[in-house]
Amino acid sequence: MRPLNSVIAACPPSGIRRFFDIAAEMDDVISLGVGEPDFVTPWRIREAGIYALEHGYTTYTSNAGLPRLRELICADLATRYGASYDPTDQCLITTGVSEGLDLVLRVLLNPGDEVIVPEPCYVAYEPCVAFAGGTPVRVPTRAEDGFAIDAAVVAAAVTPRTKAILIGSPANPTGAVQPPDALAALVRLAQEHDLYLISDEIYDRLTYAGVHTCLGTLPGARERTVLLGGFSKAHAMTGWRVGWICAPAAVAELCVRVHQYTMLCAPHVSQLAAVEALSAPGDDVDAMVADYDRRRRVFVKGLREIGLDCPEPRGAFYAFPSIRPSGLDSETFAERLLHAESVAVVPGGVFGPSGEGHIRCSYATALPQLEEALVRMDRFLRAL
Amino acid sequence: MRRILELLERDAQLSHDTIATMTGIPVEQVSAAIADWQASGVIRRYKAVIDWDAVEDDPTAETVTAFIDVSLVPARGVGFDDVAQRIARFPEVRSVYLVSGSQDLRCTVEGRSIRAVSDFVSQKLSTIDRVRATATHFVLKTYKRDGDAFTTPEADHRLPVTP
Chain Z
469 MRPLNSVIAA
479 CPPSGIRRFF
489 DIAAEMDDVI
499 SLGVGEPDFV
509 TPWRIREAGI
519 YALEHGYTTY
529 TSNAGLPRLR
539 ELICADLATR
549 YGASYDPTDQ
559 CLITTGVSEG
569 LDLVLRVLLN
579 PGDEVIVPEP
589 CYVAYEPCVA
599 FAGGTPVRVP
609 TRAEDGFAID
619 AAVVAAAVTP
629 RTKAILIGSP
639 ANPTGAVQPP
649 DALAALVRLA
659 QEHDLYLISD
669 EIYDRLTYAG
679 VHTCLGTLPG
689 ARERTVLLGG
699 FSKAHAMTGW
709 RVGWICAPAA
719 VAELCVRVHQ
729 YTMLCAPHVS
739 QLAAVEALSA
749 PGDDVDAMVA
759 DYDRRRRVFV
769 KGLREIGLDC
779 PEPRGAFYAF
789 PSIRPSGLDS
799 ETFAERLLHA
809 ESVAVVPGGV
819 FGPSGEGHIR
829 CSYATALPQL
839 EEALVRMDRF
849 LRAL
Chain Y
18 MRRILELLER
28 DAQLSHDTIA
38 TMTGIPVEQV
48 SAAIADWQAS
58 GVIRRYKAVI
68 DWDAVEDDPT
78 AETVTAFIDV
88 SLVPARGVGF
98 DDVAQRIARF
108 PEVRSVYLVS
118 GSQDLRCTVE
128 GRSIRAVSDF
138 VSQKLSTIDR
148 VRATATHFVL
158 KTYKRDGDAF
168 TTPEADHRLP
178 VTP
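These protein sequence lines map, in sequence, to chains Z and Y. Residue numbering for the first sequence follows this note's numbering, beginning at 469 and increasing consecutively. Residue numbering for the second sequence follows this note's numbering, beginning at 18 and increasing consecutively.
By construction, these hints were calculated from the structure, which means they are not laboratory data. Remember, predicted model here, so these are calculated numbers, not experimental data. Any given hint might turn out to be false.
[Stated by the list, open to error] Pairwise CB distance ranges (calculated):
1. Z:K769 with Y:L176: 26 to 34 Å
2. Y:Q30 with Z:D754: 23 to 31 Å
3. Z:Q728 with Y:V116: 30 to 38 Å
4. Y:S119 with Z:V757: 54 to 62 Å
5. Y:T144 with Z:V757: 30 to 38 Å
6. Z:P836 with Y:G164: 14 to 22 Å
7. Z:R512 with Y:V66: 17 to 25 Å
8. Y:A52 with Z:P608: 45 to 53 Å
9. Z:D751 with Y:Q30: 20 to 28 Å
10. Z:D495 with Y:G164: 32 to 40 Å
11. Z:D495 with Y:Q140: 41 to 49 Å
12. Y:V66 with Z:G524: 23 to 31 Å
13. Z:K769 with Y:Q140: 16 to 24 Å
Idealized CB from N, CA, C, for every residue including glycine.
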C-alpha cells in the first residue's frame, strides 16, 4: 500500500491513552486522571436539552450557530470581561474548543509556519499545529515561576516563520493562571513581530485566586487575538460538544468557511442546551466553582503534607505536584503508583519536557476519594 | 464566617481542620465561631438525613407523615399566632407554617400509623378553638426532602483517564 499521511503517522499517540488502558482493566482504582468535571450537567440545562429533543430540534442550524447563542456568548464576554465582539460576524459556535482550535490553526497557518507553544500544555496543541501544516515550537515554563510564560523566552524562539503564539490560561495540566503582566508582555511581543495570539480560555470560570484576564481585552490584543471558549468545564457539559470562537471578522469568516465544509454546524440540541446555560444567572456555576475550590485547598495541602511540593494551582481543576523527592521519572512514578496503590495520575512528561518531574492530579473527584488517594500516595512514597 | 455555616449545613461531620483548610480561616477562629454559634443557638443541633423508605426492618416501626392544611378563625390582637403556637407544641407536629392561599396553616405531622395521625387530627387538632377546618394529605412516597433527592445517585460515566 502507498504510505499514509506522513505528518499524522509521525505523531505519537497520546501518552494518556496507555494509562487509560491500564486503569480501565483494574478494580478499585481512584482516578485522578480525569480531565472533566465530576458534576453532571445541571438539571435545568439537561431539561432544556430534553425539551429540544421532544420538540424536534434535530436539524442543522446555520453554519455559524444559533444567533441567540452567539448573542448570549458575546453579551457574557462583555459583562464579565468588558470584551466587545459582534455576534453577527466575530463569533461562531464550534463542536467544542477542540474543533475551534483545529479551525483556527487551519485558517491562520500556511505550510511551514511556526506556532510557539509554551509547555507544559494540553496534549492536543502540538499535534493540531502539525495537522494544520504548521511547525510547533516549544518554549519552556518553570514550576519556580508558577509556570508563568516569560516573554523574553518566547521572544528568543521567534523566527521569520513564526505566525502565532498558542496559550491556555487557566492551564491544563498545571492549573497555572497567567499573570496579567505576563500576558501584556506577550501582546507587546506579538505586536512587535506581527503575530497572532490564540488564547484557549476554556477554564476561564474556574479561577480561584484573582480574576481571569480575557486576552482579547488587553490593549492592542483584540485585532490579533483568537479567543477559544466553551461550555464543557464551567457548565459540566463535556459530552455535549459546544464551544465557540471569537475573533476579528476576517479570521472568523474563514473559520466559518472551514467549519461549513467539515462540520456543518455544532449539534442543534447541544446549542439549545448551551442557550439555557447562559440564560439563567450563573448560580450553579458559582456553586460548582466553590466546591472545586474547597477540594483544591484540601488536596493541595494534603499533597504538601505527604512531601510533594506543589505550586499553587490558581485555576482549572488540576494540581501539578513535583515528584522529584521520589527519584523517579514521571512515567515510572505514575505506572508504579497505579500498580501498587491503584491511584491513576497522568505523568507530567506527556504535557511537554517541562512537565517532567511532575504528575497531573485532577481534583474533580469526590472529597472522600481525594482523601483516600492522599493516604495511598503517602503509603506509596514511604515504600519507595 | 457565613461560609463555615454553609459547609456545616451540607456536612456536619467536617472536622474543624478541614473547614479551616477549605475556607482559609484559621482553625482557632473556626472552632471559636462554632462554639459561639452552638452557645447562642444559631446552630441548634446536628442530625443525619435518613431515607426511612430504604430502611428494611420491623414494618411496625414505620413512620407515617401527613401534610395538614388548617383553616382558622383569626382573633383580634393576636391574628393566628396563638393558635399556631398551640399547634406547634404537640410533639407529633414536625413543622408549622403560616401560608398564603385558601388555607391558613400548613403543618407536617408524624405518627406511627395512619390511625394514629387520623386520631391526632380529629381529636387534638380539629378540636382546638378557632380551628375551622382541616385537610389531611398522607405522604405516600418521599422523592425529595429539604434539598436531598431520595433517588439513586447518577453513576459516574467518565472514562478513568482523559486528556
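Against the structure, the hints come out as follows:
1. Z:K769 with Y:L176: 26 to 34 Å: 28 Å, holds
2. Y:Q30 with Z:D754: 23 to 31 Å: Because 24 Å falls inside the window, the suggested range holds.
3. Z:Q728 with Y:V116: 30 to 38 Å: 56 Å, violated
4. Y:S119 with Z:V757: 54 to 62 Å: 42 Å, violated
5. Y:T144 with Z:V757: 30 to 38 Å: 54 Å Cβ-Cβ, so the 30 to 38 Å window is violated.
6. Z:P836 with Y:G164: 14 to 22 Å: Holds - the Cβ-Cβ distance for P836 of chain Z and G164 of chain Y, about 20 Å, lies within 14 to 22 Å.
7. Z:R512 with Y:V66: 17 to 25 Å: 23 Å, holds
8. Y:A52 with Z:P608: 45 to 53 Å: Since the Cβ atoms of A52 of chain Y and P608 of chain Z sit about 50 Å apart, the hinted range of 45 to 53 Å holds.
9. Z:D751 with Y:Q30: 20 to 28 Å: 26 Å, holds
10. Z:D495 with Y:G164: 32 to 40 Å: 33 Å, holds
11. Z:D495 with Y:Q140: 41 to 49 Å: 58 Å, violated
12. Y:V66 with Z:G524: 23 to 31 Å: At roughly 40 Å between Cβ atoms, G524 of chain Z and V66 of chain Y fall outside 23 to 31 Å, so the hint is violated.
13. Z:K769 with Y:Q140: 16 to 24 Å: 58 Å, violated
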